[in-house]
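Q: Given the coordinates of chain A, work out where chain B should sit on it, guided by the hints.
Take a look at the letters that make up each chain.
Protein chains: 2
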Amino acid sequence: MSTPVGETVALSLDEVRSMTIAALNASGADRANAEAVADVVTRAERDGCASHGVFRVPGYCKALIAGDSKGDAKPTVERRAPGVVFVDGDRGLAPLPMALGRPMLVQAARENGIASMAIRNSAHFAALWPDVEPLAQQGLLAMSYVNSRAFVAPAGGTKAVYGTNPMSFACPRRDGKAPMVWDQASSAAARGEIMIAARDGHSVPEGFGLGPDGQPTTDPNQVLEGVLLAFGGYKGAGIAMMVEILAAGLSGGELSYEADEQYTGHGGPTHNGHLVIAMDPSAFGADTFIDRIESLFERILDDEGARLPGDRRLANRARIPKEGAVLPAKLVAEVRALAGTA
Amino acid sequence: MSTPVGETVALSLDEVRSMTIAALNASGADRANAEAVADVVTRAERDGCASHGVFRVPGYCKALIAGDSKGDAKPTVERRAPGVVFVDGDRGLAPLPMALGRPMLVQAARENGIASMAIRNSAHFAALWPDVEPLAQQGLLAMSYVNSRAFVAPAGGTKAVYGTNPMSFACPRRDGKAPMVWDQASSAAARGEIMIAARDGHSVPEGFGLGPDGQPTTDPNQVLEGVLLAFGGYKGAGIAMMVEILAAGLSGGELSYEADEQYTGHGGPTHNGHLVIAMDPSAFGADTFIDRIESLFERILDDEGARLPGDRRLANRARIPKEGAVLPAKLVAEVRALAGTA
Numbered sequence: 004m005s006t007p008v009g010e011t012v013a014l015s016l017d018e019v020r021s022m023t024i025a026a027l028n029a030s031g032a033d034r035a036n037a038e039a040v041a042d043v044v045t046r047a048e049r050d051g052c053a054s055h056g057v058f059r060v061p062g063y064c065k066a067l068i069a070g071d072s073k074g075d076a077k078p079t080v081e082r083r084a085p086g087v088v089f090v091d092g093d094r095g096l097a098p099l100p101m102a103l104g105r106p107m108l109v110q111a112a113r114e115n116g117i118a119s120m121a122i123r124n125s126a127h128f129a130a131l132w133p134d135v136e137p138l139a140q141q142g143l144l145a146m147s148y149v150n151s152r153a154f155v156a157p158a159g160g161t162k163a164v165y166g167t168n169p170m171s172f173a174c175p176r177r178d179g180k181a182p183m184v185w186d187q188a189s190s191a192a193a194r195g196e197i198m199i200a201a202r203d204g205h206s207v208p209e210g211f212g213l214g215p216d217g218q219p220t221t222d223p224n225q226v227l228e229g230v231l232l233a234f235g236g237y238k239g240a241g242i243a244m245m246v247e248i249l250a251a252g253l254s255g256g257e258l259s260y261e262a263d264e265q266y267t268g269h270g271g272p273t274h275n276g277h278l279v280i281a282m283d284p285s286a287f288g289a290d291t292f293i294d295r296i297e298s299l300f301e302r303i304l305d306d307e308g309a310r311l312p313g314d315r316r317l318a319n320r321a322r323i324p325k326e327g328a329v330l331p332a333k334l335v336a337e338v339r340a341l342a343g344t345a
Numbered sequence: 004m005s006t007p008v009g010e011t012v013a014l015s016l017d018e019v020r021s022m023t024i025a026a027l028n029a030s031g032a033d034r035a036n037a038e039a040v041a042d043v044v045t046r047a048e049r050d051g052c053a054s055h056g057v058f059r060v061p062g063y064c065k066a067l068i069a070g071d072s073k074g075d076a077k078p079t080v081e082r083r084a085p086g087v088v089f090v091d092g093d094r095g096l097a098p099l100p101m102a103l104g105r106p107m108l109v110q111a112a113r114e115n116g117i118a119s120m121a122i123r124n125s126a127h128f129a130a131l132w133p134d135v136e137p138l139a140q141q142g143l144l145a146m147s148y149v150n151s152r153a154f155v156a157p158a159g160g161t162k163a164v165y166g167t168n169p170m171s172f173a174c175p176r177r178d179g180k181a182p183m184v185w186d187q188a189s190s191a192a193a194r195g196e197i198m199i200a201a202r203d204g205h206s207v208p209e210g211f212g213l214g215p216d217g218q219p220t221t222d223p224n225q226v227l228e229g230v231l232l233a234f235g236g237y238k239g240a241g242i243a244m245m246v247e248i249l250a251a252g253l254s255g256g257e258l259s260y261e262a263d264e265q266y267t268g269h270g271g272p273t274h275n276g277h278l279v280i281a282m283d284p285s286a287f288g289a290d291t292f293i294d295r296i297e298s299l300f301e302r303i304l305d306d307e308g309a310r311l312p313g314d315r316r317l318a319n320r321a322r323i324p325k326e327g328a329v330l331p332a333k334l335v336a337e338v339r340a341l342a343g344t345a
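Just so you know, the protein sequences line up as chains A and B, in that order. In terms of my numbering, the first sequence has 308 at position 305, counting the first letter as 1, and numbering is strictly consecutive. In terms of my numbering, the second sequence has 80 at position 77, counting the first letter as 1, and numbering is strictly consecutive.
Bound conformation, chain A alone (with noise of 0.2 Å):
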């Protein structure tokens, strides 16, 4: 019986992580892998972040499913250095070896003011925003940036080499406020965004990427065939190499190229490199830091029109774990089949 495009189903937060660990248990995940994949997409979810959400849970599963990904996967955890935290993701998913890397990196920031933690053998398909919101909310600034599969152009250039190379940044707040935190791609726009544009017949903006032909082009099936562009021409190039240098470059995991040769098609994310930076405030001796921030932020939003970087998340935040987050049926037969309780 196929489900009517549109129609919706509400799921309670629990719901949603219950099915998630269901459908990554029966793809082949076990308990600790399970759980942690199904945090991040069930904050994803109650942030209303649909394109990072259950919207995933296909493409985890395809990973596992297909082999590519390991269930069981141990990652290994060690300080490299006094401000280098090094985790080995065991060819898993991403949520693990981050969230048991998380603690020595805090430990390390607050003892040097700054330190980085690189991860490597690990498939990252959610948002960068719940990698670093945590350490925001344990009072540091943090970065952190992730290759892909190459699907983005260089400076100039009409072929794939970086990835999309999203990159997030999260600044502590006064009083227990959630945290500011961004986390953007590297190019113009994602390829979910150009495939939709193509599915629905619409055209896509000048500038978001180019056809086989290496020529702009806003037709989305060309650019489809042919290669995304960064945003804001050669300066977000630039951030895409960096993002690729510093994600897959320092960990020593698959640069973006090298992950799209040995992508076997099932879907699912590829095996690559992340880097997360973490620095004290308190460690610089800017002791007003968060004072002069809440200042910034009140001068941002003195200008009518202006907001602060995920604030509609946060709004959802308040709303969603009372409502219920709200989902294509479709999405969710889909995601119970796999857990075999369609």
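One or more hints might be untrue.
[Stated by the list, open to error] Here are a few chain B residues that face chain A, going by a calculated C-beta distance under 7 Å: (1) 35; (2) 86; (3) 119; (4) 239; (5) 252; (6) 260; (7) 287; (8) 289; (9) 312; (10) 313.
Since the hints were derived computationally from the structure, they do not count as laboratory data. Note that the structure is predicted; figures quoted are calculated from it, not measured. Where is the CB? At the ideal position from N, CA and C, for every residue including glycine.
A: Same frame as chain A, but now just chain B:
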């Protein structure tokens, strides 16, 4: 006697350096401060970066003559944490504190794998690549962040809050090759570009700025009365905010709108904050780091039309030391007049 517009003179790099030192000395800089500024000015001319070479000397002199920047500033360098070098610029120009702090930053990065240098009470008026290139020449990955006066609107806003907020990224290369370094403002265009368009009666592209009414405009005069926009829309505005928080927040230096409020109109740089982060790839255990980065760069250059950032600078660097720096005669006359040797 006025010099015709467009007339140029070629100076040797030694002449650039000595002329710059003379102008700074005559404006109140002591030997250490004048030599540090002349070093970054001369390196800019060596690399053909006209916008950050001798062109900046009158601005440095104006800040000194106005008494806003101290010519005899004595920066202090301290290690506030294993990974934190903290430099107080003593209300002088940035090149001296940057140069004095760098050896301790290198040492801290080697000991910890990652380290940072925060600088406050320091007026940055140079390109950012000279700050990070020496780190990459010693095998370190490096990033730097500098804020300025308020010129750029936040995402969705119409009033200036952020500086043009440049950042830079430097990556070491194999076999003594010059590091790959990029250096880019967070604004879509430099304010100087808008001023040149206004002078020449040209329009500027959509997305460069808003008029004083808060509406998008292609009239450079309207942009100069209004506000600049970040590159690449809200994503560039996210970068601008990050630079503001990293540069001014961690150091305790002036936020861009604070610098604006203190600015006395002298035409030179204001005091702000700067942050440099340095990472030692060998501390991460990726002993193939350089080989993999070279593979990435080869892949980029395989793509006809693609270039590595900074390659024009490096081509100039091979040529200009022999041929000399070609400078507007009017600018040379202005700097010589400042030196009292016109």
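Q: Hint validation: residue 119(B) versus chain A, beta carbon distance must be below 7 Å. Holds or violated?
A: Constraint on residue 119(B) satisfied, holds at 5 Å.
Q: When the nearest CB of chain A is found for residue 313(B), is that gap smaller than 7 Å?
A: Violated - the Cβ of residue 313(B) stays beyond 7 Å from chain A, reaching only about 10 Å at its closest.
Q: Should the interface hint for residue 287(B) be scored as holding, given a Cβ-Cβ cut-off of 7 Å against chain A?
A: With a closest approach of 5 Å, the residue 287(B) hint holds.
Q: Per the CB criterion, is residue 35(B) less than 7 Å away from chain A?
A: Where the cut-off is 7 Å and the nearest Cβ of chain A is about 25 Å from residue 35(B), the hint is violated.
Q: Taking the closest Cβ pair, is residue 239(B) under 7 Å from chain A?
A: holds, 5 Å
Q: Can we keep the residue 289(B) interface hint, with Cβ of chain A closer than 7 Å?
A: It holds, given that the least Cβ distance between residue 289(B) and chain A is near 4 Å, below 7 Å.
Q: Let me know if the C-beta of residue 260(B) comes in closer than 7 Å to any C-beta of chain A, holds or violated.
A: holds, 6 Å
Q: Regarding the hint that residue 312(B) lies at the interface with chain A, is the smallest CB-CB distance below 7 Å?
A: This interface hint holds because 6 Å falls under the 7 Å limit.
Q: Can residue 86(B) be said to touch chain A, with a Cβ gap under 7 Å?
A: holds, 4 Å
Q: Mind checking the CB of residue 252(B) against every CB in chain A and telling me if the closest is under 7 Å?
A: holds, 6 Å
The earlier numbered hints that this structure contradicts are 1 and 10.
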